[in-house]
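Protein chains in written order, with this note's numbering: chain A, 1 to 308; chain B, 1 to 308.
Derived from the structure by calculation, the hints contain no laboratory data. Ideal Cβ positions, reconstructed from N, Cα and C, are used throughout, including at glycine. Mixed in with the good hints, there may be bad ones.
[Stated by the list, open to error] Ranges between beta-carbon positions, derived for each pair:
no. : chain 1 : residue 1 : chain 2 : residue 2 : range
1   : A       : Gln8      : B       : Glu171    : 39 to 49 Å
2   : A       : Asp93     : B       : Gln8      : 24 to 34 Å
3   : A       : Ser31     : B       : Arg306    : 52 to 62 Å
4   : B       : Asp211    : A       : Thr290    : 32 to 42 Å
5   : A       : Asn206    : B       : Glu64     : 25 to 35 Å
6   : A       : Ile285    : B       : Leu99     : 36 to 46 Å
7   : B       : Gly241    : A       : Glu171    : 31 to 41 Å
8   : B       : Gln8      : A       : Lys104    : 45 to 55 Å
9   : A       : Asn206    : B       : Gln98     : 39 to 49 Å
10  : B       : Ala294    : A       : Asn27     : 36 to 46 Å
There are 2 protein chains.
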Amino acid sequence: MNFKAQLQDYASFTDMKLDFYLPPLDNDQKSIYEAMRYSLLCGGKRIRPVLAYSTAALLGISKEDVAPFACAIEMIHTYSLIHDDLPAMDNDDYRRGQLTCHKKFGEAQAILAGDALLTKAFEIAGIGAIELANKMPEQAVRGALILRALAASAGSEGMVGGQVIDLEGEEKVLSKETHETLCALKTGALLTIPVQISVLYAGMTNTPVGDLLIRYAQGLGLAFQIKDDILDVEGDAKLLGKATGMDEKCNKTTFVSLYGLEGAKARLKALTEESLEICDQLSDIFPERTEQCAFLRELAIFLLERNH
Amino acid sequence: MNFKAQLQDYASFTDMKLDFYLPPLDNDQKSIYEAMRYSLLCGGKRIRPVLAYSTAALLGISKEDVAPFACAIEMIHTYSLIHDDLPAMDNDDYRRGQLTCHKKFGEAQAILAGDALLTKAFEIAGIGAIELANKMPEQAVRGALILRALAASAGSEGMVGGQVIDLEGEEKVLSKETHETLCALKTGALLTIPVQISVLYAGMTNTPVGDLLIRYAQGLGLAFQIKDDILDVEGDAKLLGKATGMDEKCNKTTFVSLYGLEGAKARLKALTEESLEICDQLSDIFPERTEQCAFLRELAIFLLERNH
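Isolated chain A (complex conformation):
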């Protein structure tokens, strides 16, 4: 399968699984499923699940096995967007070209839909851990290790921590160091955890391969944020599904404001080259996994070249 087809296959598989894990139940509280599904099933790029499946494939693990964890990450990502869009936070009316959750369902339902998605994420991850324990009884602890890592990446020492720094830094110029921490937490943590989960699932934490994969993900996470900052300056609002030029308007500290547009582009290019170098090393380690290594290589280029 070529890169684009594989990417599409992973995304469709994710959509199918998310729909399965979050059925529109017919009970007294059914209105919550509508709000949860509205935000979750709106056709995102599913980059986080893609990172989980593709690195799992390299380590010889099927996408079915990591699907509960990959879907949990996507649910956590979605809840964070719902809460981030709230009037008390970024106060956004549109997301991916459609009304934000609170604009569509009201603020109370949006808060609860976010809470419910975050909670559902851990329920699904719990199901993944049970499946892992049944499949590899002697390695059952790995499910618990994955759950702990997932929560850590999403919480006050992870993504939420990044949002707090972001909130406190509004209208302030952040130092380069604080800004880097913000990005590593707010965007980086949820882009690294899919790979961390594959590595934990395979029992390869603290091995040369595990470390290489984590470095690949961390580089990609940082590159992802830099690209976002660049797109806010020179991207197409229509393709992006949101207004551009917002960072400057809001006096936000970004890679562009700190290093200039050319500086940001240079950093993005260097990071992508680093990712490709890691892919070369992985190819040497897994000579029989040509297709999987090629996918990771093309994914890094795809994220570099994306226009939305």
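We have chain A already, so just place chain B on it with the hints.
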């Protein structure tokens, strides 16, 4: 140890553990710890952890072993109060006699503190599952079962589901059936899960003892809500730390509005008697666990007679 001393011991142990699991870290996002700790460490009754420790003790499991899960439940309970108090939800200014989280730290920080507590809960529960796996490697799946159950009790088919019914039912008269579902989810789920966790930890799910303990918790959960409704009518606002008479003012459907004050009291008494009968049966099954059975008995009476 007599009942009151044991109750106090369990509560102090919980406070100590919560403080340990949520240290005030000195990092870029440290402001979030202040908000999280403000709401978490304000000296609640810790009824949910108490239910976990006391039922675990009956099943021969130490409070240390279930502490991560018990603390996770308390964190989930606290996050739910923070979000429930938000302007878009109940819009409360005071809780337990102190300013609510958003009144003290602002709305954005309160949303994030709630999110962070919910996430931290699963991180701590993950640590509990890792400890369980290390202690009983051949039973490691139990940690995953506990995590799934914990999330289910807190999410859209549990507590959050109850909040959704509550939200949609505002200013409406709920049927007795819907109201019972609301209570089973909104209050009952988080009061049942501590016992369910002890039963899962002990590997006693779907056994007569396990079923008895779950029934005990469900009865207590329902009684707890009925008592709350009664206290809103005839309780002391000063002792309660919040205004009374609010249910009637807000046209809320409660056990008192549906069954009258005397009807609610009769139901509460009947439920408590049922709990005591379950304790009698447990005493017959565990003749050597006199103290633990006595504690569960006195706990039911304590919750019946509480004035706040």
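Status of the hints after comparison with the structure:
{"no.": "1", "hint": "A:Gln8 <-> B:Glu171: 39 to 49 Å", "result": "47 Å, holds"}
{"no.": "2", "hint": "A:Asp93 <-> B:Gln8: 24 to 34 Å", "result": "51 Å, violated"}
{"no.": "3", "hint": "A:Ser31 <-> B:Arg306: 52 to 62 Å", "result": "34 Å, violated"}
{"no.": "4", "hint": "B:Asp211 <-> A:Thr290: 32 to 42 Å", "result": "55 Å, violated"}
{"no.": "5", "hint": "A:Asn206 <-> B:Glu64: 25 to 35 Å", "result": "28 Å, holds"}
{"no.": "6", "hint": "A:Ile285 <-> B:Leu99: 36 to 46 Å", "result": "56 Å, violated"}
{"no.": "7", "hint": "B:Gly241 <-> A:Glu171: 31 to 41 Å", "result": "37 Å, holds"}
{"no.": "8", "hint": "B:Gln8 <-> A:Lys104: 45 to 55 Å", "result": "48 Å, holds"}
{"no.": "9", "hint": "A:Asn206 <-> B:Gln98: 39 to 49 Å", "result": "45 Å, holds"}
{"no.": "10", "hint": "B:Ala294 <-> A:Asn27: 36 to 46 Å", "result": "39 Å, holds"}
Hint compliance for this structure: hints 2, 3, 4 and 6 are not met, and every other hint is.
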